[in-house]
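Visitor: Chain residues, written in single-letter form:
Protein chains: 2
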Amino acid sequence: MIPAGGVGTRLWPLSRANAPKFLHDLTGSGTTLIRGTYERMAPLTGERVMVVTGEVHRDAVLRQIPELDDHDLVLEPSPKDSAAAIGLAAAILARRDPQIIMGSFAADQVIAPVGAFQEAVREAAATAATGKIVTIGITPTYPSTGFGYIRRGAKLEIDGAPSARQVERFVEKPGEETAQQYVDSGEYLWNAGMFVAPVSLILEHLRRAEPELHAGLTEIAEAWEAEDRTAEEVMARLWPSLKKTAIDYAVAEPAADAGDVAVVPGDFTWDDVGDFAAIARLNPAEHEDEMTVLGDQARVYSDQSSGVVVCDTRRVVALIGVQDIVVVDTDDALLVTTTDHAQAVKQAVEALREKGDSDVL
Amino acid sequence: MIPAGGVGTRLWPLSRANAPKFLHDLTGSGTTLIRGTYERMAPLTGERVMVVTGEVHRDAVLRQIPELDDHDLVLEPSPKDSAAAIGLAAAILARRDPQIIMGSFAADQVIAPVGAFQEAVREAAATAATGKIVTIGITPTYPSTGFGYIRRGAKLEIDGAPSARQVERFVEKPGEETAQQYVDSGEYLWNAGMFVAPVSLILEHLRRAEPELHAGLTEIAEAWEAEDRTAEEVMARLWPSLKKTAIDYAVAEPAADAGDVAVVPGDFTWDDVGDFAAIARLNPAEHEDEMTVLGDQARVYSDQSSGVVVCDTRRVVALIGVQDIVVVDTDDALLVTTTDHAQAVKQAVEALREKGDSDVL
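As given, the protein sequences belong to chains A and B, one line each in that order. Residue numbers for the first sequence follow full-length UniProt numbering, beginning at 1 and rising by one. Residue numbers for the second sequence follow full-length UniProt numbering, beginning at 1 and rising by one.
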C-alpha cells in the first residue's frame, strides 16, 4: 500500500495543497514520485496495490496509476496522519484475507537502485511471514539529524532473509553528536518509514495502543468492503473524529517494545526529497559551474550560475552570477532562495498563510 | 525636444523593444521616465515640447504626454542614432523660426532636485543666446568609467549665466586611473548628453560634418512642415538611407574644436538608469537588510534578503536568504541576478536573441 499524503511544504511553490510533492517529477526522470513508487512495487506485487490519499487527489492519482481499481483507492476526507491511513488499509485488507502481508511505502520517496530495494523487500516479506513487523532501515551515509534511527538487535535466522535482525528500539531524530555516534557504531539504521508486516499483527498492536482508532477503522473497513454502498456515509460520519497520530507511536514503537519488530537493512540510496536542496542533490548538474534545470518546457539561460531552477511555466528564465541558487517558477508564485536556505521555505509558507496569500499555497 | 529612443537592454526583461526604458516608472515615483522628463521641462518651455521616437511607440508616448501636438511628435521608421533624431528636430524647428533655441533632454534620465536642473537650463539658454552650443555637465561624484567627460575651459562672462564656461574638449569614457585624475582635478564634468543650442548653429555644424545627413534631414523637415501631407512619403523614402551616427561625433565634438561649445555645470544628481544596480541605487530600501520592491501590485515576501525586486505581474514572489539580489518578474520572462552582475544582462539578451528567444526581447 502506498500512503500518498503530505503536502511537502518545503517544496512550495512547486508542491502545494492541491498538487502535493508525490504528484511531481522531482528527479528529472520523466515520472512522478507516486508513479515511480508504483513501478518499483509492481514487479513484486502485481496488481495488488492499494493507495490511500486525500479525496481531492483522486483524479490526479488515477491519471498516474490508471491500473488502480476503485476498490483499491481509499480516499480520506481530511488528513489524519499515518496511523489512520495505514491502519485503514490494514483493516480493509484483513477483511479480504487475514493472512495478507502488507508493505507500506510512501508515495514521495526516491530510491536507487531498484534491484537492491526489491531484494530488501523480498527479505522483509520472508521475515514478516514469521510473524514480525519488518522495517527496512537505510544504512546511513552521513550523521543526519533529520531522520529517526533504528537500533538493530540480534541476527534472526530466517530462510530467505539472511540479513534480518531483531529491532531493539526506535530512536527519535538525534542531535549532531549523537547522530555521529550512531553512524560510527554501525548499530543504527535510518528509519525510512518503510515496513512489511502481517495486517493482523499491525491491527493487533493498533488495537492495544489506540483502541478507539482501531474500532473506527474497523467499522469503516467493514463498510468499505460491504456491497451495500454505505462506505461513503460511514466514512463521513466516523473519519472526522479519528485520532491524528503517527504509525510510529500507534504501532511500530509499542510493537518493538513487545519484541515484534525486525529490520532488514537496505543498501540503496534513499531520499524523501524534503526540500529543494534535496532536489539539487538528486539532480546534479553535469559541470560544477552549471545549473540543474527541471521542467519539460524549461527555457533557461544561465551565466556564471549554479544551483537548481524548476520551471513549471514556459517563461524564459535568465540567471546571471548567482551561486547555489534555487529558483522555482510557477504560474502564480515564484521562489528565489539558496540551497542553504531550503529549510526556511516552510516559514515562508506559514508567513504567506498569515498574510492572507493562501491562494498560492 | 525629447529624444525617446534606446531599448535599455540592460534593463531586460522589464525594458524591451516594444516597452523601452522610458515608458517605465523605474524610481517608484508613480511616473514614467518620459513623463518625468516632460514635467521637468514644462515649467520652462510651456507647450513648446517636441518628442522624437520610434513609430511603434506613438500611442504609448501620447498616453504619457497627451499634451503633445501631432505636429510635435516626430516618428522614426527605424532607429538611426542621435544625430538623425536631434538633427531632424532642429531642422523642423528651424523652418518654424531660425532663431529658436532648442534644448535636448533624453527621455530616460532621473534628475533631482528639479529646481537645480531648471536653474542650469536657464543659464544654458542664456549662454546659447550668445551663439553657443551649451552642454549641461554633471559635477562628478565618483570616478565613473561609464560616462564620457567634458574638459571645461575659461569662464565666460554672460549675463544670467554666471557659471558658464568654454568647453576645451570632450573626452571618451576613461579608464579607472584617468577617471580618478579627472575627478581630482576639478576640471572635468560628466557628459550627460544634455544640451541647449540655437538650431541654426546645430545645423551649421551638422552640415559641415555630415553634409548628406544634413541634406536628407532638411528635405524631411520641409515635407514635415508642408501643408501637402507628403511627409510620410518623404520620410519613408529618405530615412532608411540616413547615416547612423551619434550627435557627439556629428555636432558636439567638431563644434568644440571650433570653439563653439560652452558648459554649464549641473549640481544635481543625475542617473541614466543604465541597469538594475542603478534601480537599486535610486530606490534604496529603508533598512539595510531589506528588499527594494517596485511594482504597483507587488506581492513580495522577503526573509534575510536584500536587493531589488521588480514585479510586473501579480505573482507572489518569495525571497529567502539572497543578498544583493535582483529579481525581475514579468509575464513571459524572469531575470535573477545580483547588483554586481547588472551589466551582464546585456550579454544575456544577446545570447537569447542568438538562441531564437526573440519573442521575449
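It is possible that part of the hints are untrue.
[Stated by the list, open to error] Covered by chain B, per the in silico footprint, the following chain A stretches (three or more residues, Cβ under 8 Å):
hint, region
1, 216-228
2, 301-311
3, 323-334
[What the hints assert, rightly or not] In silico EDC-like cross-links for lysine to aspartate or glutamate, where the CA-CA straight-line distance does not exceed 20 Å:
hint, chain 1, residue 1, chain 2, residue 2
4, B, Lys-355, A, Asp-257
5, A, Lys-155, A, Asp-257
6, B, Lys-355, A, Glu-290
Think of the hints as simulated: they come from the structure by calculation, not from any bench. C-beta: ideal position from N, C-alpha, C; glycine also.
Visitor: Of the hints given before, which are not true for this structure?
Guide: 1, 4
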